[in-house]
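There are 2 protein chains.
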Amino acid sequence: MQFELLKTDAGCAARLGLLSTPRGDVETPTFMPVGTQATVKSATPEQVAESGARILLANAYHLHLRPGEEIVAAQGGLHRFMNWPHPIITDSGGYQVFSLPNVQVDDAGVRFRMEKGGQPVELTPEKAIAIQQKLGADVMMAFDECVSYPAPYEAAKTAMERTVDWARRCRESWTNPEQALFGIVQGSTYPDLRRECAERIAELELSGIAVGGLSVGEGLDTMREVLAFTVPHLPEDRPRYLMGVGLPEDILAAVELGIDMSDCVIPTKYARTGVIFTQVGRLRVMNNDYRKDRFPPDTACRCYTCENYTRAYLHHLFHAGEIFGQTLATIHNIAFYMNLMADIRQAIRGDRFPAFKAEFLERYLREGKKRRRVG
Amino acid sequence: MQFELLKTDAGCAARLGLLSTPRGDVETPTFMPVGTQATVKSATPEQVAESGARILLANAYHLHLRPGEEIVAAQGGLHRFMNWPHPIITDSGGYQVFSLPNVQVDDAGVRFRMEKGGQPVELTPEKAIAIQQKLGADVMMAFDECVSYPAPYEAAKTAMERTVDWARRCRESWTNPEQALFGIVQGSTYPDLRRECAERIAELELSGIAVGGLSVGEGLDTMREVLAFTVPHLPEDRPRYLMGVGLPEDILAAVELGIDMSDCVIPTKYARTGVIFTQVGRLRVMNNDYRKDRFPPDTACRCYTCENYTRAYLHHLFHAGEIFGQTLATIHNIAFYMNLMADIRQAIRGDRFPAFKAEFLERYLREGKKRRRVG
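Each protein sequence line maps, in turn, to chains S and R.
All residue numbers for the first sequence refer to this note's numbering, where the first residue is 1 and numbers rise by one.
All residue numbers for the second sequence refer to this note's numbering, where the first residue is 376 and numbers rise by one.
Take the hints with a grain of salt, since some may be wrong.
[Said to hold, decoys possible] Under the rule of at most 30 Å between Cα atoms (straight-line distance), these lysine-lysine pairs were calculated in the DSBU-like manner:
1. R/491 <-> R/667
2. R/667 <-> S/292
3. R/667 <-> S/157
4. S/116 <-> S/269
5. S/127 <-> S/157
6. R/502 <-> S/269
7. R/502 <-> S/157
8. S/269 <-> S/292
9. R/667 <-> S/127
10. R/667 <-> R/644
11. S/116 <-> R/644
12. R/532 <-> S/116
[Unchecked claim] Taking CB as the label site, the calculated pair distances span:
13. R/727 <-> S/118: 31 to 39 Å
14. R/402 <-> S/50: 55 to 63 Å
15. R/727 <-> S/70: 44 to 52 Å
16. S/27 <-> R/421: 51 to 59 Å
[What the hints assert, rightly or not] Covered by chain S, according to a simulated footprint, are these stretches of chain R (three or more residues, beta-carbon under 8 Å):
17. 395 to 406
18. 466 to 477
19. 523 to 529
20. 605 to 618
21. 685 to 699
Since the hints were derived computationally from the structure, they do not count as laboratory data.
A virtual CB, placed ideally from N, CA and C, is assigned to each residue, including glycine.
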């Protein structure tokens, strides 16, 4: 995998780049829809790709538990298994493991019991890499310790030290040069820990570097603050990935501070509850306002859903409990995010990212409040 | 709508025909997937059409209750509402109404209360036609009284008389010649009632004629018996529609006796529980046998699902509770039914329907039992 930094916006730290992988190129800043269990929930891979997505995030921890990396490997790897020919990044599962109850952690790794059946499972940096190599991810993530928010300084420091050590061990057990490996920066909200972690992870010269431990309840202002004092310590020539973020406003803030990649369940998860992203804010399609509405979900969108269906039809499907409503909303929400990323890249290309961001948010946040009267 | 009877098989009563509608032609015998609530559950209209389906069944009763025919009409009619440009037939709701608890029936019509909210609803033959005209169905069904099985002779006779009278009233309130209207033959399992009903409905000279009141628990042998003494009394120059049938073996039996059209929820409903139809019988993809299976769901099929996914992937999706599994199984099962109908038509064209049916069932019913060892 190669990363080319094409330019930085004249008015802020926003970057335009190109991630080249054997399975195709990805323009950055990019957003990665989430396909945790080897499927982007309720959509076909073709629908996801038609919405503009060219890289997905799957989850090594979930796929290890079910169906198991051996089965995926025997099926020809994750891409063939799920029929997605474009790049895939796999999260190592650090984040998921640390949100389990009764997880035991020491310097060696983590141990926990499966929710279903109670069988013991052990994950170590070496095992996390072995799993991701077997899955055949284009980009693997190092195994990290993610503390919850807020975290006492000592706990954050211990987790940071462990995260650096584990990243080194991941690097040592990484044997397939066709697969890229990203390190993860932890350190909670502490500038010195974030800086030290960023510098020590950078020394490992991995393919890219991620900012973890955000989007854990700290709020947009704190996230922006942490990014502001962390990103300057990330190597400039590597892709920078902000994990688990977020709403359109979060992504815009992150891009402005120099983030190249992000992922989040929000567009797909919200879709399944009937929440539609539009240029003028979010729309809850189950609201009575949309019962007879003949407009497409987002009048500014050209996706399959918006080209062929009305808000009244989606309203009907969600009220009737028809899962096709989830599919249509998922297709649109992914397209909305992908269109946002394309607009972001276009703005950086023209050195007008800050103005673009202000205009977008003006329309998106303000008009949303008026929508129910005009929609 | 026009129906052309192209030929009858030399060895049985199976018929080859062509149904021409303003929205396209349908070759018969045909099978109609069910889109009760203006969607074929868990599939896009394009996926349904790619599987080979060219006519769907929607339900006027369900669409009257939600979202209401006025809303559908204001959205440009059912075809635009659900994005299905091909023909649609709407069931009038007779069958659904008579399976409700506490339904009051008299010669005027039926009254019941909505399950949710308890609001009173009245349906009459005139209202059933008005609803279907507003929906814009290509083929409307007369409003009939469907008795449960088994039915005492007197109850079956009363319902049959009412069904004939209601068909006449439907005909009188039918004002749009662009829409076809089919009558329905009732009469339970009584030869004299079925014959009388068939003859009296035929006198109304409607666009087509349906056999109702079957697939209500009577079993294949009884269904075959009823068809055997009913179909000979149906007009030869009109399409003959067997409502709510069925499994592949039921459809083959019906076609052999001269049925041209049928509908059933089975392919889509079974799909949602992980039951896959194959040339060698049904396959329960959640079974442990398929955990590592690298074959497509049906090795003889070329549908989207079978071309791109393995049994192990479907096994994984169903165990992980991912609704994409339902979508993939639905696409395949519709394709399986459509391929079966294409094979049936090809067999009739070659005057070899009885041999085709025997060969199909030999493979489909016998091999199914061995599958788990070889699959």
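#### Entry: Pairwise beta carbon distance, residue 727 of chain R to residue 70 of chain S, judged against the given window 44 to 52 Å
Given range 44 to 52 Å: holds, Cβ gap about 48 Å.
### Message
Verify this for me: three or more residues of the segment 523 to 529 of chain R with a beta carbon less than 8 Å from a beta carbon of chain S.
### Response
violated (count 0)
### Query
With a cut-off of 8 Å between beta carbons, are at least three residues of the segment 685 to 699 of chain R near chain S?
As far as the segment 685 to 699 of chain R goes, the hint holds, because 11 residues have Cβ atoms under 8 Å from chain S.
### Pairwise hint evaluation, residue 157 of chain S against residue 502 of chain R, where the allowed Cα distance is 30 Å at most
73 Å, violated
### Hint consistency between residue 127 of chain S and residue 157 of chain S [alpha-carbon to alpha-carbon, up to 30 Å]
24 Å, holds
### Message
Just to make sure I understand the rule, a stretch counts as covered if three or more of its residues have a C-beta closer than 8 Å to a C-beta of the chain. Does the segment 466 to 477 of chain R meet that for chain S?
### Response
violated (count 0)
### Query
the segment 395 to 406 of chain R covered by chain S? Criterion: 3 or more residues, Cβ-Cβ distance below 8 Å.
violated (count 0)
### Query
Does the hinted range 55 to 63 Å hold for residue 402 of chain R and residue 50 of chain S at CB?
About 31 Å separates the Cβ atoms of residue 402 of chain R and residue 50 of chain S, which means 55 to 63 Å is violated.
### Query
Under the criterion that the straight-line Cα-Cα distance not exceed 30 Å, is the pair residue 491 of chain R, residue 667 of chain R satisfied?
Distance ~44 Å between residue 491 of chain R and residue 667 of chain R Cα, so the pair is violated.
#### Entry: Given hint residue 644 of chain R paired with residue 116 of chain S - CA-CA distance at most 30 Å
Holds, because 28 Å separates the two Cα atoms, which is no more than 30 Å.
### Message
Using a Cβ cutoff of 8 Å, are there at least 3 residues of the segment 605 to 618 of chain R near chain S, or does the coverage claim fail?
### Response
violated (count 0)
#### Entry: Hint consistency between residue 667 of chain R and residue 127 of chain S [alpha-carbon to alpha-carbon, up to 30 Å]
22 Å, holds
Violation of the numbered hints given earlier is confined to hints 1, 2, 3, 6, 7, 12, 13, 14, 16, 17, 18, 19, 20; the remaining hints are satisfied by the structure.
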